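A.B. asks: Place chain B with the ligands on chain A using the hints.
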Amino acid sequence: MRDGTWNPELPLPMTIREVRQETPAVRRFVLDGSLTAEPGQFIMVWLPGIDEKPFSLMNAQPVTLAVAEVGRFTRAMHQLSQGDRLWLRGPFGQGFTLEGRHLLLAAGGYGAAPLAFLARRARGEGRRVAVLVAARSRQHLLLVDEFRTLGCEVYTCTDDGSDSQPPRLAPQAVEELLTSLRPDALYACGPAGMLDALEALARQYHLPAQLSREAYMRCGIGVCGSCTCGDQLVCRDGPVFRIAG
Amino acid sequence: MAEQLSPDLRVNLCGVLLPNPLVLASGILGTTAELMERVAKNGAGAVTCKSCGPEPRAGHPNPTVLDWGPGLINAVGLANPGIDEAVEILRETRRRLQPLGVPLIASVFADSVKGFAEVTRRVCAVPPDLVELNISCPNVEAEFGRPFSLDPDAAAEVTRAARAVCDRPLLVKLSPNVTDVVAIGKAVVAAGADGLTAINTLGPGMVIDIESGWPILANRVGGVSGPAIRPIAVRIVYDLWAHLRVPIIGTGGVTCGRDVIEMIMAGATAVGIGSAVIQGGPAVFSRIAAEVRDYLASHGYASLNEIRGLAHARRHMEP
Ligand SMILES: Cc1cc2nc3c(=O)[nH]c(=O)nc-3n(C[C@H](O)[C@H](O)[C@H](O)COP(=O)(O)OP(=O)(O)OC[C@H]3O[C@@H](n4cnc5c(N)ncnc54)[C@H](O)[C@@H]3O)c2cc1C
Ligand SMILES: Cc1cc2nc3c(=O)[nH]c(=O)nc-3n(C[C@H](O)[C@H](O)[C@H](O)COP(=O)(O)O)c2cc1C
Ligand code: FES
Chain A
1 MRDGTWNPEL PLPMTIREVR QETPAVRRFV LDGSLTAEPG QFIMVWLPGI DEKPFSLMNA
61 QPVTLAVAEV GRFTRAMHQL SQGDRLWLRG PFGQGFTLEG RHLLLAAGGY GAAPLAFLAR
121 RARGEGRRVA VLVAARSRQH LLLVDEFRTL GCEVYTCTDD GSDSQPPRLA PQAVEELLTS
181 LRPDALYACG PAGMLDALEA LARQYHLPAQ LSREAYMRCG IGVCGSCTCG DQLVCRDGPV
241 FRIAG
Chain B
1 MAEQLSPDLR VNLCGVLLPN PLVLASGILG TTAELMERVA KNGAGAVTCK SCGPEPRAGH
61 PNPTVLDWGP GLINAVGLAN PGIDEAVEIL RETRRRLQPL GVPLIASVFA DSVKGFAEVT
121 RRVCAVPPDL VELNISCPNV EAEFGRPFSL DPDAAAEVTR AARAVCDRPL LVKLSPNVTD
181 VVAIGKAVVA AGADGLTAIN TLGPGMVIDI ESGWPILANR VGGVSGPAIR PIAVRIVYDL
241 WAHLRVPIIG TGGVTCGRDV IEMIMAGATA VGIGSAVIQG GPAVFSRIAA EVRDYLASHG
301 YASLNEIRGL AHARRHMEP
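Residue numbers (the working numbering), protein chains in the order written: chain A, 1 to 245; chain B, 1 to 319.
Same shape as in the complex, but just chain A:
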């Protein structure tokens, strides 16, 4: 809806070109279409007759998603295969902006998806990128090879130590990397608890941080008010929020 002009933002069908099992819970979907989007932006994926839910872009050209199976909708997505269609609206929201020469990215769970898109951009501009990939256990570490291929230094941490490192939570591992690598900026996407802890760290270390947050979304376009985080709308003001440090 734009001041009288004809600009519908209806769901756009795309066909699945490739499905890849990345971890026991996460599949990568590569679609046959492209969007103009910034890393950190998200789309609403519609499966007619089922539901419509938000997912971060892992890449925009071609549109690529990494989807964790957690409930009814994502189970239905995991049943799709090459040649099936899905519909999407977007991209929506504020993405990441690149700042600093040396970036530290911290990915918890499927938070690796938008950070892989960011890493691609940052490496394309010749910035130095270190990535911490965090998960419950080794088999759930997501997109480690992808980050390596993009030319990032990859670190891992697991809750149970199954990656043959001492068991620890992401914020602890991030703090170690902050002191050893001294990055210019921190970027993170993952569970709310991890992001809260990283926000506190960023303030403590006076480091600019950009955190991608989630909230329950309906419209995706800033009208329904279901995605609030304080007085902010995650779909429109976020999902990436910047802390000056």
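By construction, these hints were calculated from the structure, which means they are not laboratory data.
Taking lysine to aspartate or glutamate pairs in the DMTMM-like style, the calculated list, with each CA pair at most 20 Å apart, reads:
#1 Lys-41/B / Asp-237/A
#2 Lys-41/B / Asp-231/A
#3 Lys-114/B / Asp-167/B
Among the chain A residues that face chain B by a calculated CB cut under 7 Å, a handful are:
#4 Glu-9
#5 Pro-13
#6 Pro-48
#7 Asp-51
#8 Glu-52
#9 Arg-218
#10 Cys-219
#11 Ile-221
#12 Gly-222
#13 Val-223
#14 Gly-225
#15 Thr-228
#16 Asp-231
#17 Arg-236
Partner residues are not named here, just some residues of chain B that face chain A (Cβ under 8 Å, in silico):
#18 Pro-63
#19 Thr-64
#20 Ser-212
#21 Ser-275
Predicted model, so just to flag it, every value in this text is computed and none were measured. Here a beta-carbon is modelled for each residue, glycine too, at the ideal position from N, C-alpha and C.
C.D. replies: Just chain B with the ligands now, kept in the frame of chain A:
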């Protein structure tokens, strides 16, 4: 040239002073105290909360809101946390809005006359500055039956029941989906409404995805809003003002200062803004208020009172 005084945007809505005529319409952003405070700080003259009902409701599955180009279509399905939590949210909202001088309008709905009375009684304890009865949501017909707004007697009965327990100015929100909206307006004003809000969404309508053949909204049909419905909203406000002369929040498709002026010339006292928030978020309010001020200043009007209902005075020459 002598320096022009800045035009006065204040309006008196049923005895409540609004710093400007722009009212956040119900169902848009009115879910939390923080968000309503932000809308007020961004220049709204009053804010209406999302309609609250007796029980918590999850609403319809997604897609629930779509931008189809000339407007939006929605079937959110009155998702709301229920009256207990709504009262808490409204209390906190009131606390935050009071220092800003921005009135709070509590929108309520229910599926029965008794339910309307009960929810109205509960919200009046907050208290909000005004109460608005949403008797016109078109998106829950399957569950609730025909909206009360489609029948003058049913609309009057709900209004009477709410009036009996409501010590605040009472607005009733009308549906455009009737053949004689003036008859409904007359019935609710006779039953005790102090003012009217018009219109709720038009329809229901439907948008179909032609690749799959599926209606896109999960509810299949939904209420249409935005610029597509503005001429209908303006005509309804015009008709209501012609016959009733009660304060009206003219709502439907307003996206800029010109649209606000048009509504007021049709007879509106204040002007609701809903779908337009997708064009710039809460900041649309300050933008539109500035446009209204510019219009008044450039046309030499000192206040909105000088143009209210102006269209009614304009009559075509006798043949
Ligand atoms: C901006 C954003 C980006 C996201 N990016 C990704 C991604 O790249 N990959 C990925 O796998 N998942 C992503 N998600 C989460 C994804 O939207 C949910 O996992 C999905 O909606 C769950 O649907 P379901 O029916 O399978 O599960 P449900 O049974 O509905 O719920 C399972 C869990 O998902 C959460 N959830 C459900 N619906 C939503 C919703 N509309 N918005 C947010 N959370 C929800 C619930 O709180 C619950 O914890 C993202 C969410 C947001 C808000
Ligand atoms: C997403 C959405 C949700 C709405 N929810 C409500 C509601 O809960 N109660 C209500 O009285 N009106 C509701 N409405 C109707 C609006 O308040 C308004 O009357 C209508 O949208 C026309 O105004 P607009 O064109 O400025 O949006 C809703 C409208 C939209 C778009
Ligand atoms: S999802 Fe509707 S406002 Fe964000």
